[in-house]
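Student: Sequence:
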Amino acid sequence: MSKKSVPLSEIVQQAVSDLNPSPPVQRFQVLANLTLKVEASCKPLRSQMIEKMKKYIDKNISDKEMFYVFCLCDHLVVNSHTFRKQVLDIDFIMLLETIGQFKNKPTFTRNRTPENIVNKIKSMIQQWGNKFPNELAEYDFLYEKYKQLGIKFPEMSPVKGVNPANAEQLPQDIKKLIATCKVKEKEIQDTIKSATHVEELIQLYREVTDLNCQLVDSQTKIIQKRALYDSEKVDKLNAFVDNYQSCLQLLANQININRTYHITTTVPPVEHGASPFVESENPKDIIADRRIGILPGEKAPVIKNPVGLLKPPPSNGIPLISPVHRTVSMYEDEFNKQVIVSSDSYFSTDSLGTENVNEDTDFETPYLL
1 MSKKSVPLSE IVQQAVSDLN PSPPVQRFQV LANLTLKVEA SCKPLRSQMI EKMKKYIDKN
61 ISDKEMFYVF CLCDHLVVNS HTFRKQVLDI DFIMLLETIG QFKNKPTFTR NRTPENIVNK
121 IKSMIQQWGN KFPNELAEYD FLYEKYKQLG IKFPEMSPVK GVNPANAEQL PQDIKKLIAT
181 CKVKEKEIQD TIKSATHVEE LIQLYREVTD LNCQLVDSQT KIIQKRALYD SEKVDKLNAF
241 VDNYQSCLQL LANQININRT YHITTTVPPV EHGASPFVES ENPKDIIADR RIGILPGEKA
301 PVIKNPVGLL KPPPSNGIPL ISPVHRTVSM YEDEFNKQVI VSSDSYFSTD SLGTENVNED
361 TDFETPYLL
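Under UniProt numbering, the first residue of the sequence shown is numbered 1, with each subsequent residue one higher.
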């Protein structure tokens with residue numbers, strides 16, 4: 001039985017639909033898990049949110065749906081570290097300020113944004129910069145800016161979580177997995193520097209990607225029960241996953257490069273423009289590609305009997321074929337005179353008889369025996 005795929009836009013629409021009696025947190029978490037497993041889904045998700053905000057400004061969606069969109073966005077920022085950088089998009093921030101009526105003169109057609117939406121936007125700007133000062137420092141700047149302009153923000157609610165003294169430690173299997181991944185990180189760096197065969201890189205990539213799948217699954221389980229664990233430990237876990245996946249990307253890039261330039265080829269060093277086929281006592285291993293003409297271990301082909309270059313027969317001084325000439329008409333109006341120019345670089349004449357020559361035609365004299 002084949003699996004049926006569901007478009008991302010349909011999942012988002014079900015999550016923010018105004019038919020939901022309250023914010024569907026479970027549907028929000030489905031999208032959060034998706035962004036953790038498939039980072040490429042973050043940008044399309046942000047684009048759909050921006051589209052919803054534009055439609056709200058044009059009165060094409062309801063207040064309730066817009067409120068659910070901001071609830072979804074807040075949930076993703078808190079529970080998905082891969083999505084956070086998407087809210088730094090300049091278009092997103094400008095639309096957020098417009099709908100939240102931070103400007104003195106509203107620039108869209110709605111007379112007044114409902115208070116629950118305005119308070120939600122203010123709460124996001126206030127808490128995002130406070131919860132994630134390293135990743136979302138721009139929102140802390142916006143909060144201080146509008147606070148100085150006299151805009152009142154709701155009282156900041158305490159960050160959800162438990163006391164670190166009573167918080168559960170990360171499971172032991174995750175700690176072992178992190179330790180294994182750290183060893184592989186060092187191995188990736190060393191292998192990239194010393195590998196001479198692309199097969200070594202591919203084999204290592206298979207091993208580290210298997211570990212990455214286990215790591216992401218464990219990270220997802222921890223985030224789903226984030227409130228039970230120390231928030232600092234969870235943030236460190238997220239940061240480690242990001243660094244580990246960056247190493248994987250570096251390894252993948254190196255494999256792609258080495259598939260283009262075959263690193264298994266040994267080529268003698270080329271100095272001062274010398275031929276790459278010159279032998280050397282101490283050849284160096286360098287990246288080479290057949291497309292640039294460096295062919296180690298091969299020599300220029302020697303053609304014993306080139307086609308078309310046969311030895312001429314012995315000559316008695318009588319030419320077998322006379323030079324081929326081309327007639328070029330020089331004067332047609334007054335003298336009707338022609339000049340014959342030879343195609344043979346060793347034979348030339350200023351003019352020849354033209355009794356039996358047609359204009360602008362090529363001819364050959366018969367063989368002379």
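Bear in mind the hints are in silico, worked out from the structure with no lab data behind them. The C-beta atom is built at its ideal place from N, Cα and C for all residues, glycine as well. One should not assume that every hint holds.
[As the list claims (entries may be wrong)] Cross-link-like lysine to aspartate or glutamate pairs, in silico, EDC-like; alpha carbons within 20 Å at most:
{"#": "1", "residue 1": "K176", "residue 2": "E207"}
{"#": "2", "residue 1": "K221", "residue 2": "E39"}
{"#": "3", "residue 1": "K186", "residue 2": "E155"}
{"#": "4", "residue 1": "K85", "residue 2": "D18"}
{"#": "5", "residue 1": "K64", "residue 2": "E10"}
{"#": "6", "residue 1": "K37", "residue 2": "E97"}
{"#": "7", "residue 1": "K54", "residue 2": "D18"}
{"#": "8", "residue 1": "K152", "residue 2": "E135"}
{"#": "9", "residue 1": "K85", "residue 2": "D235"}
{"#": "10", "residue 1": "K184", "residue 2": "D140"}
{"#": "11", "residue 1": "K122", "residue 2": "D63"}
{"#": "12", "residue 1": "K131", "residue 2": "E185"}
{"#": "13", "residue 1": "K145", "residue 2": "D89"}
{"#": "14", "residue 1": "K236", "residue 2": "E185"}
{"#": "15", "residue 1": "K55", "residue 2": "E65"}
{"#": "16", "residue 1": "K175", "residue 2": "D217"}
{"#": "17", "residue 1": "K85", "residue 2": "E97"}
[Stated by the list, open to error] For each label pair, taking beta carbons as the anchor points, the in silico distance ranges come out as:
{"#": "18", "residue 1": "I151", "residue 2": "K186", "range": "47 to 53 Å"}
{"#": "19", "residue 1": "E97", "residue 2": "D210", "range": "43 to 49 Å"}
{"#": "20", "residue 1": "S17", "residue 2": "A239", "range": "33 to 39 Å"}
{"#": "21", "residue 1": "K236", "residue 2": "D210", "range": "21 to 27 Å"}
{"#": "22", "residue 1": "P133", "residue 2": "L19", "range": "33 to 39 Å"}
{"#": "23", "residue 1": "F153", "residue 2": "D190", "range": "46 to 52 Å"}
{"#": "24", "residue 1": "Q245", "residue 2": "N20", "range": "17 to 23 Å"}
{"#": "25", "residue 1": "E199", "residue 2": "E51", "range": "21 to 27 Å"}
{"#": "26", "residue 1": "Q224", "residue 2": "Q245", "range": "15 to 21 Å"}
Student: Give a verdict on every hint.
Tutor: Hints versus structure:
Straight-line distance between C-alpha atoms of K176 and E207 comes to about 16 Å, which keeps the hinted pair within the 20 Å bound. Note on K221 and E39: the hinted pairing holds, with a Cα-Cα distance of about 17 Å set against a maximum of 20 Å. Note on K186 and E155: the hinted pairing is violated, with a Cα-Cα distance of about 46 Å set against a maximum of 20 Å. A hinted pair counts as satisfied when its Cα atoms are at most 20 Å apart, and K85 with D18 does not qualify at roughly 27 Å.
Restraint check for K64 and E10: satisfied, since their Cα atoms lie roughly 18 Å apart, inside the 20 Å limit. A C-alpha spacing of about 31 Å is found between K37 and E97, which places the hinted pair above 20 Å, so the restraint is violated. Of the supplied pair hints, the one linking K54 and D18 holds, its CA atoms being roughly 17 Å apart against a limit of 20 Å. Of the pairs offered as hints, the one joining K152 and E135 is violated, with about 24 Å between alpha carbons and a cut-off of 20 Å exceeded.
Straight-line distance between C-alpha atoms of K85 and D235 comes to about 15 Å, which keeps the hinted pair within the 20 Å bound. Between the alpha carbons of K184 and D140 the distance comes to roughly 37 Å, so the proposed pair goes past 20 Å and is violated. Of the supplied pair hints, the one linking K122 and D63 holds, its CA atoms being roughly 16 Å apart against a limit of 20 Å. Distance hint between K131 and E185 is unfulfilled; the C-alpha atoms sit about 29 Å from each other, more than 20 Å.
Our distance criterion of 20 Å between C-alpha atoms is met by K145 and D89, whose separation comes to about 18 Å. Taken as a hint, the K236 and E185 pair is honoured in the structure, with Cα atoms around 16 Å apart against an allowance of 20 Å. This hinted pair checks out: K55 and E65 have alpha carbons roughly 11 Å apart, not beyond 20 Å. The suggested pairing of K175 with D217 holds, with an alpha-carbon distance near 14 Å, which does not exceed 20 Å.
This hinted pair checks out: K85 and E97 have alpha carbons roughly 18 Å apart, not beyond 20 Å. Roughly 50 Å separates the CB atoms of I151 and K186, a value that falls within the hinted 47 to 53 Å. Look at E97 against D210: about 45 Å separates their beta carbons, and that is inside 43 to 49 Å. Between S17 and A239, the C-beta spacing of about 35 Å keeps the proposed range 33 to 39 Å intact.
Restraint check, K236 to D210: a C-beta distance of roughly 23 Å satisfies the suggested window 21 to 27 Å. Taking 33 to 39 Å as the suggested C-beta distance range, the pair P133 and L19 conforms, at roughly 37 Å. Here the CB-CB span from F153 to D190 is close to 51 Å, well matched to the stated 46 to 52 Å. For the pair Q245 and N20, the supplied restraint of 17 to 23 Å is violated, since their beta-carbon distance comes to about 33 Å.
A hinted range of 21 to 27 Å is violated for the C-beta pair E199 and E51, which are about 46 Å apart. At roughly 20 Å, the beta-carbon separation of Q224 and Q245 lies within the given 15 to 21 Å, and the hint holds.
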